[in-house]
Each structure stands twice: as structure tokens, then as C-alpha cells.
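Using the sequences and the hints, build the whole thing.
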Amino acid sequence: MAPTVLICDDAIFMRTMVSDILQQAGFEVVGEAETGAQAVERYKQLRPDLVTMDIVMPDMGGIDAVRAITKFDPEAKVLMCSAMGQQALVVEAIQAGAKDFVVKPFQPSRVLEAVQRVLG
Amino acid sequence: MSLDPSRYAELFRTESREQLTAINRALLSLEEGADPAEPVSVVFRAVHTVKGMSATMGYHAVAEFAHELESVLDRVRRGDQLLAPDLMDALFASADALESAIDAASEQAVQTPAMIGALQRLRDVAGGSATSEFPAVQLGGPGALAEVAASDPLDGPGVIVRVRQAADTVLPGVRAFMTIQRVRALGDVAATHPPVELLQAASEPMAFAMRVVTTASVDEIEGAVRSAGDIAFVEVDVTGRTRHEPRTTLEVAPDGGEVSRPSARPTRHVRIDLARLDALMNLIGELVITRGRLLQLTATNGDPALDESMQMAARLVSDLQTEIMTMRMVPVWQVFDRFPRLVRDAARQLNKDVNFVVEGKEIELDRSLLDEIGEPIVHLLRNAIGHGIESPAVRVAAGKPRSGRLVLSAARDRAAVLIKVSDDGRGIDRTRVLARARSLGLVEESTREVDDDTLFRLIAQPGFSTADEVSDLSGRGVGIDVVQSKARSLGGSVELKSVPGEGTTITIRLPVTLAIVRALLARSGAERYALPLTHVRETLEYDDVVVQHVKGKRVLVLRDEVLPLLDLRDVVRQGAAPNAAQANREIVVIERGERRSGLVVDELIGQQDIVVKQFDAARDGLALFSGATILADGAPALIMDVGSLFEGS
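As given, the protein sequences belong to chains U and R, one line each in that order. Using our numbering, the letters of the first sequence map in sequence onto residues 1 to 120. Using our numbering, the letters of the second sequence map in sequence onto residues 121 to 769.
One should not assume that every hint holds.
Okay, the calculated bits of chain R under chain U, using three or more residues with CB under 8 Å as the criterion [what the hints assert, rightly or not]:
1) 171 to 182
2) 186 to 192
3) 284 to 297
Quick caveat, the hints were computed from the structure, so don't treat them as lab data. Quick caveat: nothing in here was measured; it's all calculated off a predicted structure. Beta carbons are placed, not taken as given, at the ideal position from N, Cα and C, and that holds for glycine.
Written as C-alpha cells, this is what we have:
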């Protein structure tokens, strides 16, 4: 069975791109979320194998969402999606329980490497 | 594998524009004195999103600009930067620059003059970006890496782990932090070199070392380090290892219960190119016509099974039509939301004080109509601010509130949508319009008074007010002809109401949708014409009781109201109906704004959905028809521009 992924980003553009990359790599995108609160709720519903999480989102940011998700499921595999200039935030996200990160602009190969590290 | 960025270019533009609308809306609410916390974080998030998208697209100039803007916003958000008026102006200018940059975005990393200007302003008022890490992908060669020596801090019990990060490591500080974190899971990281704080803040890939007190094997340690990612080299030096009691670890197994995955999928949206929707709409239009033809053909055939199937197919086509129409409908705020910003800028430029109100934002219109109507509304708003609303001093002197009121509203009116631009300004100066009209020979020398309709007809004359001094004199009129012709080409009309000293209201009446409209089919002689329901009020039997003669002209008396009567035969120059047929004729009451007329036709055939085929000849030639259509029986028919019938009367 294809591994499942939940994609969390407030921009459709980014969701589309991440979704394309992961689908090409054989993932099944089971859900998307536009806010941190949605991400937490969908995670509980869908229990995906992988979560990609934007840091800056309305209605609960990505870091708080990671915190809530790992509290609910300590084994949750969350990959942070960060932009340039968010070094400190990424550190915070990792401390909150995220397993790895990728930095925009996304290069498909780097995203997949990170995914392998997270799932491996 | 590769990604083709051009696939995303349109998505990038569409979504960036949405973000810009959000930015402008939030900036406006900030300026109006809203609690800054929420709007500032809205702007911050939107700018941040644009940054991420443009960087991904390879639009580095846009990304860098957004990055710098974001840094300023971040400081505002944290309370390190005061939101002073000059910063507000700089932010507005930045939003504009960002918009132009997005429109012109390409992979050329060139900043536009607007961006450079806006950045300069930002730096002037907010000191610019103090910590510009952009672009962070800097490839330092291995030679650039600091050599790690086993110096003092690493002296002590435990193993020494030496690590070198890959040359293309992104956010090396975070990677280093993760590396340490992974190793920490195996034991105690007693010390690092350089110190942890420096490692975490690093912006260049580096080499570092740590002293770890652990019982884990070399392989385990190396594995943990590599699992952090972007590691070019790792070495575990066990020479200084001291023995410890084996750590007792208790693996807590996660809940082994079956994880249920609900099959319900969340709502997902698909973005569709509008051209595809148009194509679909056209196909459904053809299907609607074919349905009509089939219904006619099968009506007389007497086979109940065929009838039933035909009725079913007809219903399905209707459902399909409703569905696609709904898909095309968008709330007017998608266009209206950019107007507050425009009004603010225009008012500032002209030193007017304007209180702008938008009503009926949620009213829906066909997407293509909404796109077309944006520019005419801009004309009307600009006119209202420029010529309608007086300067604060003049208003106060006239006993009016200092601040002018400008209302843009949308409302449904049966098959039509009314869009109104209304101001409480000085109204149109009729005397001056008349003077101009007399000099152009548009009215008779003796004319001293004009009603609203004539007034509108005059100022909507192409060229009537193109001369600058005249647009000032008339108080209104710049581009009115443009508004008028645009509304007409969309199957709508424009009405005007102006009271000296009290203000002006201009109403654009539009069909709800463009492609398929409901129309009344009327016969005149051998020809059939379609009258869109947008302008139809009711229909009546021709009856000598209601039709009377006043001063040699026929008029219609309807519920104590006397309406002028037009004859479709006269309108299309067919010659009078035979006397015998006169009594069987019918009347369509048409309306435009406050005005109504009766239109006498030979016969009303019924209502039908017609598919509008635009033709340009209608606009250049006789302004009687707005387009053509194919009727259910395959014959063509002209669509009347009902609004234009009021102009001859």
C-alpha cells in the first residue's frame, strides 16, 4: 500500500507542488490543511504516514500544530517546510517534535531525501 | 524527476494576487485604526506566502523583495518597530511594488524601479532588513570549512564525534542542532566545538565536533549522525572512551491497536482555467439549443416511451446548465475588494475626504461579467471622487458633513444585478452641460432644462467631455461613454440620477450571466426577436381599454400610470400591422431604471433560454441589437438591446 501523506500549507501553490512531488514518488495524498488547527484535526482523522507542515499559517501556526500532533501521537512523522530566514523557527519546530525540514524553494530531490530520512 | 515551473506560473499569479488583496485590505484596516495585531500578522503571513511561492518559481527579485518586507513586518509584529504613518505609506508603496513585480515576474533577478523605490522608503523609515540571510544557499567549498581541533572543551570522558556538513547544506545551523539532538538520544553530549549557540546560528556549512558520553557503538553513533541529514563526513574517535554502566533503556511500545483510517476525504478544490469553463459553457449552450429542437421534433410523435426519455434528457440538460452556471458565479467582492484601496489613493491625491461604503458584497455574478465590469466601476468611482464630492472646505461651507459619502452597492433585481455608484457630492452641473450641448448642436438653442435621461444621453456622447476643461465643467463624464458601451456589450444598461447639491447615482443594470440568458420570444411580421428578461417587467394583451390615444400618439394606461407605447414593427421598420391583426397583438412592458414603456408585438411565442452570440456589427451599426441566437427550431433570431429603446423616445 502506498504511504499516505497529509499536506499542510496555507498556499494552494505550495500544496500543489508538494503534492506533485510526493505523488510522483508514489505517495497517496490523503488530505490537505490550510491552517494549523485543520492540520491537527485532519491528522487525528487520517493518521497519515507522513505530514508536511508549513511554519507560517493562519489559525495556529505550524510549530504549535507539530506540538499538538506529537502530543497526540509521539510517533508522528512531521516534515517542516520552511522559507529562508526562519532558522530559529525551524529549530523550534524540531524541538517541538518535527523530524526533519526542507527549505523553499523546493527541489524535488531534497524533499524526497528528507522524506526518506523521516520515514527511514 | 523534475518539475516544470511553467505549470505553476498561473497558479502563482492567481494566488499571489489573492494574497495582495488580503494585504491591501489589512493595511486599510490598520490605517483606519484597527487593533494592529491581527492585520499585521495577516500582512506578514501573506508576504511570507508570496516569498515562498516566488522563490520556488525562481523569481528571485520578487522573493528578495518580499523577504525584506517580511523582515520589517516581523519587527512590527514583535513590537520592535513602531507603526508610524510614514511606515504605513511605505508599506502601501511596497504592496504596490509587490503587485507590479508579481505581474511582471520572471526568472530575471532584476528589481523593478518601483521595488527599489519602495525598498528605499522601507529602509528609510524602518531601517531595512538587519538580518538578511537571503539567499541562504551559498556553496562554500570544503576548504572553506573550519578545521576542528580536539581542543580544550573536548578534553574529558567520552568519545569524540567529528562531523563535516555537506557543502550544499541548507540552514546548516538547524542541521547541526538536529545532529546534536540525534546523538543526544544515545547518551550525553558533554561539550561541542564550536559552542552550541554558535553552531545553531551558523549560516555556512561547517565542521564541528562533540564529546559524547555514551555506551552506544561506533556504528550506532555514526548512524545517528547521518540520520540528521546533509552529513559529508563523520568520524567517531574512541580513544578517550571511559567505561560506564550500560544504560538500561525501556522501550515503550506505542499503542499497537489497529489504526483506523476513515474513508471520508476532505473537501478538495480544483482550479480551472476560465477558458475551459467558457468552452464547457459553449458546449452546454449548444446542447440547450439541441434540446429545444429535439423537444419540438418529439412533441408530435405520440410515442410515450420516447417522450419520457426526452423529458428526462431535457431535465438533465437543465441540471447540467444550472450546475455550470453556479460554477461560474462568483461573489462581487472578488472585484470590489480592491476598490477601497483605490478610493483611498484617489481621495488622498485630490485632497478629498471620502467615506467609502461597499454594500451587497456577497451578490454573485458570472465570472466573465464581473471581470468586464471592474474597469467601468473604476471610472465611476474616480469620477465621483474627482468631480462629484467637493473638497472638505466647500462641503462645510455648504452645510454638509466634511467627509463625502461614496457608496458602491450590488443588489439582485429579478433577472438582473444592479450595481450602483452613489455619492453625496455637488451633482451634475446641468447649466454647463447644456451650454456645452448647445455649442455642439446636440440640443436646440432654446433648451433650458433637461431630465436625468437626456442629461445622461448628453454626457454619454462619445467625445462630449473628452476635452479637459469640459470634464471639469460638466463635473462628470470622463469615460461615461466607455461605461455605457461596456454595459451594453454585456447586455445591460446604465441609468443616471443626479440632484444638484445632493449628489449623483449611476446604476449599471446587468444580466446575472452572460452566456445563456432567459428571453421572451416575440414575433413581428415573419421575424422573431429575443427580448432578454433583464429589462422585461410584464406582458399584456393588446386591448383598446388599456391603449389610448393622447395627442395622436398611442399610450398605455397601466394601473393609473401612463406609459409611452412603441411598436416593434416601427422599431425594426417593418411597416404597420394589418388592421385585422391589430387586436390580437400583445404588449411587453419594458423597463430601464424608473422608466417604463410598452412594446407592441404581433405575438408572444414564449420564454426560452437563449445562447448569446455576440456580434460586433451591433455595436457599430444600429444600436438596437446586442447579439444573435439560434432558436430551438434552428432558425436565427436577433437579441434586442431593450435598454436602447428608451433612447429614441
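Checked hints:
Counting residues of the stretch 171 to 182 of chain R whose beta carbon lies closer than 8 Å to any beta carbon of chain U gives 7, which reaches the threshold of three, so the coverage claim holds. Check result for the stretch 186 to 192 of chain R against chain U: holds, 3 residues qualifying (beta carbon to beta carbon below 8 Å, three or more required). Counting residues of the stretch 284 to 297 of chain R whose C-beta lies closer than 8 Å to any C-beta of chain U gives 5; at least three are required, and the coverage claim holds.
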